[in-house]
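Peer 1: Sequence:
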Amino acid sequence: MLKVSREPAAGLPARRAAAAVLFAVLEQQRPLDDALSDADPSGVTGRDRAFVRMLVATVLRRLGEIDAVLAGYLTVPLEGAHPRARTALRLGVGQLVHLGTPAHAAVSATVETVSGHGTDRLKGLVNAVLRRVAAGGHAPREGTAAARKNTPQWLWTSWERAYGAEAAAAIALAHLDDPPLDLTVKSDPEGWAQKIGGLVGPTGSVRVVDAGAVAALPGYAEGEWWVQDAAATLPVRLLGDIAGRSVIDLCAAPGGKSAQLAVAGAHVTAVDLSPRRCRLLAENLGRLGLPAEIVTADATAWRPAALADAILVDAPCSATGTIRRHPDILHLRHRDELERLTAVQDALLAASVEMVRPGGHIVFVTCSLQPEEGAARIAALLAGGAPVAIDPIAPDELPGLPEAVTADGMLRTLPSYWRETGGMDGFFAARLRRLPVN
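Each residue of the sequence shown is one higher than the one before, counting from 968 in the numbering used here.
These are computed hints drawn from the structure, not numbers from a lab.
Each hint should be verified, as a subset may be incorrect.
[To be verified] Label-pair restraints from in silico Cβ distances: (1) D1303 <-> V1176: 20 to 26 Å; (2) E1304 <-> A1038: 24 to 30 Å; (3) V1181 <-> L1349: 39 to 45 Å; (4) G1047 <-> A1310: 34 to 40 Å; (5) L1041 <-> D1265: 25 to 31 Å; (6) A1106 <-> A1264: 23 to 29 Å; (7) V1043 <-> L979: 25 to 31 Å.
Computed from a predicted model, the values in this text were never measured in an experiment.
Quick reminder that beta carbons are idealized off the backbone N, C-alpha and C, glycines included.
With these hints in hand, go ahead and build the complete structure from the sequences.
Peer 2: As structure tokens, this is what we get:
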């Protein structure tokens, strides 16, 4: 579906910024959020900054289609083109084909994005190709054709094997849409939904469409809520009533799940390896006015002074379950990373067993769609003789999501769930119980 063009007042500065961000992601392999944070803000504020993110995210989501269009107008493969020209061409096609931007607005300003890098000679090429694309009358692909074209082969194959062809197509389709904003509130979700202009979902998250600047929404400055995808709230629910209990949150930053634990009355120890991420965690919990002991440490080596009642293992992973919010993952993640990531996940699981008291619970979580980073890790832990057992999840623990409980009692959400109201991220979670010491 074509989106309505939201042309910024300052067309060239916004497109220069978009070109810089897209170049950083695709040519330098930098995460989108980092590239956006580092983008030169001069002349790009407010509505223009929102346009920059929308434009770059659109190109990343539709890159397969965009490159296919360009292939029909180039005499050499796109991979062989100059990186600055390649970036400008992709931005231009994203606007012309997928945002419905008029040619006069999209072409001239986009051509100018190749200036200033010693590449002015490329402007003629970019101008000629984009004008031909504009005259070509291209329309976005729809349905499975769009899903397939914009998904890397290794991901498509993995999802098809794990979930079936129909589910794989539904997952990939969900990645083509801008997601709504989900908020977790401390209390009174109905009241805050009314104030913010959102709706309360089955699991209590407040969902907002076209929210605008997050910090400008009612309740942000007062610390009444935080941004957290609805699926990301589910793992903490699996711990049940944790009021007064000691809970360790491993790999805790940026702190959404730590905040959930604190609001529920747990005594929280939040552990993260990165000093920078721990500072962000402290800032977020500070805004919310929520207490937690923050520990900067390698969770595979660190041990608490006393065994905890419960452990939340929010393990580092490929994050393919969050593509709808982070479309750069489609182009930054590679299959050969999984072996390294699963080794870290195994080490964290093994460490968590040593941190929890007998009878206590471990919830292992990844925001990944890859089966290697889900049930396979639990199977490996059990096969290794760890003194734990699966504590099966019951469907009534997940309101409105009975399909998210697997046959073996674990949690698996897919981006295609709740599609009619905006979807959700893909998460895996398993609940384990520490067996008594013999």
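Peer 1: All hints are to be evaluated individually against the structure, with a verdict given for each.
Peer 2: Okay, the hints, checked on the actual structure:
1. For D1303 paired with V1176, a C-beta distance near 37 Å fails the hint of 20 to 26 Å.
2. E1304 and A1038 have their C-beta atoms about 28 Å apart, which keeps the hinted 24 to 30 Å range intact.
3. For the pair V1181 and L1349, the supplied restraint of 39 to 45 Å holds, since their beta-carbon distance comes to about 41 Å.
4. Taken as a hint, the range 34 to 40 Å holds for the pair G1047 and A1310, whose Cβ atoms sit roughly 36 Å apart.
5. Separation of L1041 from D1265 is about 48 Å and departs from the stated range, judged on CB atoms against 25 to 31 Å.
6. The hint said 23 to 29 Å for the Cβ distance between A1106 and A1264, and at roughly 53 Å that hint is violated.
7. Taking the beta carbon of each, V1043 and L979 are about 28 Å apart, inside 25 to 31 Å as hinted.
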